[in-house]
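Chemist: Here are the chains, one letter per residue:
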Amino acid sequence: GDSVTQTEGQVTVSESKSLIINCTYSATSIAYPNLFWYVRYPGEGLQLLLKVITAGQKGSSRGFEATYNKETTSFHLQKASVQESDSAVYYCALSEISGSFNKLTFGAGTRLAVCP
Amino acid sequence: AQTIHQWPVAEIKAVGSPLSLGCTIKGKSSPNLYWYWQATGGTLQQLFYSITVGQVESVVQLNLSASRPKDDQFILSTEKLLLSHSGFYLCAWSLTGGSAETLYFGSGTRLTVL
Chain Y
173 GDSVTQTEGQ VTVSESKSLI INCTYSATSI AYPNLFWYVR YPGEGLQLLL KVITAGQKGS
233 SRGFEATYNK ETTSFHLQKA SVQESDSAVY YCALSEISGS FNKLTFGAGT RLAVCP
Chain H
61 AQTIHQWPVA EIKAVGSPLS LGCTIKGKSS PNLYWYWQAT GGTLQQLFYS ITVGQVESVV
121 QLNLSASRPK DDQFILSTEK LLLSHSGFYL CAWSLTGGSA ETLYFGSGTR LTVL
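If you read the protein sequences in the order shown, they are chains Y and H.
Counted the way the numbering used here counts, the first sequence spans residues 173 to 288.
Counted the way the numbering used here counts, the second sequence spans residues 61 to 174.
These are calculated hints, taken from the structure and not from any lab test.
Some hints here could point you the wrong way.
[Claimed, not checked] Derived lysine-lysine pairs resembling DSS-like cross-links, with alpha carbons at most 25 Å apart: (1) K88(H) / K130(H); (2) K223(Y) / K275(Y); (3) K275(Y) / K242(Y); (4) K251(Y) / K189(Y); (5) K275(Y) / K88(H); (6) K275(Y) / K86(H); (7) K275(Y) / K130(H); (8) K251(Y) / K230(Y); (9) K140(H) / K73(H); (10) K223(Y) / K88(H); (11) K275(Y) / K230(Y); (12) K130(H) / K86(H).
[Stated by the list, open to error] Here are the computed distance ranges between Cβ atoms for each label pair: (13) R283(Y) / D131(H): 32 to 40 Å; (14) G82(H) / Y213(Y): 21 to 29 Å; (15) K189(Y) / I72(H): 35 to 43 Å; (16) P214(Y) / P78(H): 28 to 36 Å; (17) I192(Y) / D131(H): 40 to 48 Å; (18) A285(Y) / V120(H): 28 to 36 Å; (19) Q229(Y) / P68(H): 38 to 46 Å.
[Said to hold, decoys possible] Stretches of chain Y that chain H covers, calculated by requiring three or more beta carbons in the stretch to come under 8 Å of a beta carbon on chain H: (20) 219-226; (21) 278-284.
A virtual CB, placed ideally from N, CA and C, is assigned to each residue, including glycine.
Modelling step: build the complete structure from the supplied sequences, incorporating the hints.
Modeler: The structure is reproduced here in structure tokens:
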């Protein structure tokens, strides 16, 4: 089946430093799945950060960027300068139609802690 | 604006006891609804999917069931809880079932089975 592998556990970054959270995927049913980054801030529900549905394209939101690389099957999340408010859990995900419904497959999540 | 409300926020239950978790979506008619579950240390897994009232599809078998009694309500339940049911349950909705659709999630229910 489909799978998503992302940077494990917790990442700690000092404020104003750069960030990269790695994400690679494997999609068995279709060549080019849709790719997403979701985020869960403390005390809040999971919400969409950005998505890219076309291979080779880049998505961006709130200073974060991710490029859909079909050659390396990767969708790494990057930010040039993190802020304390970016502390959250980040999930990489892919989606495809499975039978009659939209199936979203998530990675295990990466907790980002930004230190002042 | 659409809102999604999950209840309860947290539950501590005994093995073998029944369970009912709920989810209500306001401000959107005929949404697609989903239940997701994350075991401690595990990944989010899609459990159920519903495109309309009375119709629910199971994605993963976990000795749980789901029902959609109203257009805006999605219920997750079981008659006998297992230790393995512990974890974090999330309800979500989308406009359609398209694979590029954004899912909108509730704040979740933390379930501890002892």
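Chemist: For a quick check of understanding: which of the numbered hints are violated here, in increasing order?
Modeler: none
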